[in-house]
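Going line by line, the protein sequences match chains A and B. Quick note: the first sequence uses the numbering used here, first residue 580, plus one each step. Quick note: the second sequence uses the numbering used here, first residue 580, plus one each step.
Keep in mind that the hints were calculated from the coordinates and are not lab data. These figures come from a predicted structure and were not determined experimentally. Don't take each hint at face value.
Because identical chains cannot be distinguished in the list, a pair is counted as satisfied if it fits within a single copy or across any two copies.
Unchecked claim - Lysine to aspartate or glutamate pairs mimicking DMTMM-like chemistry, simulated, CA-CA at most 25 Å apart:
1. K708 - D774
2. K809 - E844
3. K641 - D828
4. K641 - E592
5. K811 - E834
6. K789 - E834
7. K789 - D812
Number of protein chains: 2
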Amino acid sequence: MSSQPKIIRKLIESIRAHQTFCVVGHMRPDGDCVGSQLALTLALRNEGKDALCWNQDPLPQKYRFLDPDRIIEQPKAGKKFDCVIATDAATFDRLGSVGECVQDRQVLLNIDHHESNTRYGDVNWVSAKSPSTAELIYRLLRAGRFAITKPMADCLFTGVSTDTGSFQYPTTRPATYHVAGDLVARGANLALICDEVYQSYPLSRARLLKHLYSTFRLTDNNRIAYFWLKKKDFTRTGAESADTEGLIDHIRDIEPVIVACVFEEVEPELTRISLRSKSHLVNVSTIAAQFGGGGHSAAAGATIPGKPLSVQRRVVAAIRRVLQETHQTQCKN
Amino acid sequence: MSSQPKIIRKLIESIRAHQTFCVVGHMRPDGDCVGSQLALTLALRNEGKDALCWNQDPLPQKYRFLDPDRIIEQPKAGKKFDCVIATDAATFDRLGSVGECVQDRQVLLNIDHHESNTRYGDVNWVSAKSPSTAELIYRLLRAGRFAITKPMADCLFTGVSTDTGSFQYPTTRPATYHVAGDLVARGANLALICDEVYQSYPLSRARLLKHLYSTFRLTDNNRIAYFWLKKKDFTRTGAESADTEGLIDHIRDIEPVIVACVFEEVEPELTRISLRSKSHLVNVSTIAAQFGGGGHSAAAGATIPGKPLSVQRRVVAAIRRVLQETHQTQCKN
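Next up, chain A with everything else stripped away, as it sits in the complex (with noise of 0.2 Å):
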């Protein structure tokens, strides 16, 4: 057997001897952070601790349905914790407000699966082969031989699902199947949740499209592919910004494309670009790299000055250079 168990032994030693939670996530959460989150409180609700949830960014609207009972609030004015756990947040600073607010406690533990986690807790789970945090809060909770209730399994089924998107990255494990199984068997409602978070997105988003599929552009064989999103899209569409998660999937999922590109104007001579890449040849993070920003071989970012035309011709201009140069050490192979 790895250190694992005896990490997890410790964690649950730590959260046996105290009394009073605060279980924290990372700014703008996603399904895992708080589906990770709301079933670590609930289980510890349950063993009869004093116990919240709490993040510096409101929780988004289709994970509402997880938090009926809003225990995801506000502590009140110097409310102190025995015990602060971090869940699915890779460095101190990720947790943005809430830890300023939780540095007088006893312990902080840390539990996540990004890989360039900082290990910045008193006690640190970090497992960068589980394909979600939520993965290792259901491990800790059998291991310590806490009840997982249905609404529990709602939320450890959403981060399991939404952090593999829905079983299919790469790095979904057997092991992360065998858990969706046995959450299912627990009463996580399937129906609920895949319609909550798969099956249902705002008017506003179908405008984004509408505007993404009128303007994207194809070039280099339609290798390339790219679309904008001005301010003025948002402002017509009356989307927010969590609207456009996923919306370079659209782009890359056409079929010739090599590498995807969304420019987002941040000001007007301010431009966020996101790059998606669907070859093992070709790494975006050497392209973002040139422009001050990093990521993944298959994903990376950057936010770019200057004007946003030139911007435009600066990227495409750089992609268009590793996808030849990868075309070149094919030719030479």
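Given chain A, work out where chain B should sit, using these hints.
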């Protein structure tokens, strides 16, 4: 234990007793159909059987990666089989022209998960609780101790995944996730499968989506959404009928929408409608039935003669009536 293990034993005995096989599926085969057929055929070949796979209609482009050795092929004229196995076909008619050509066989085995299956085989294993036929084939292979190789795991995973909407449909059972986990452990290539099946579509489909987002209409306080697909839209976009799969979900998934409808021109005065309902209070099969069609509560369809605008008016009026009745029922309660 139920009678299922007995039926599985009977199927295995029948397979062991024969030498030449044809594994057939339904017309317009989907991922579950071809995944089931191919996995079973590979298993039979591994056992030294003479087995081939055959469908009336060609393998859709996005599933071609499952059959690199082209084991789906039309049998030579006059070829006879000891045993024909039909997978995922609810009726004998659904086999199309393939059905006629395999009439001359010793035994017909029927393995399917459709509740409406007519038990047309000599041995019938119909398990409506299973969300996919691939899950049944998996159980059959395990029970018969057939080896499940990597290519077979790819085929079965594709079937299980596509017929559960990537593990999202409420029919997905705990066992389904466990089967998927075991298939990934046996080497199913998740990255390849999900890329081919879910993350890749032709440019023509992007053009169809542009058409959809530019022309869809909302009415009745955004509770009804619909769009038209005319023959000219296919010509103009270069799209095929297969490219329309799932298009209706784009309007169904808009939050306020309760009923979504696609009108598809079959002939200038003949229209096929597809209906989806998001509310358990609204049964679209009753709407389809008014026009001589049918289906399920959440998904139904019909083919309606008449001038297009008149068809549209009558269908939208029928949807409106059902929504109004629902509203009245809710108010009364």
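Practice problem: Report the numbers of all earlier hints that the structure fails to satisfy, in ascending order. | Solution: 4
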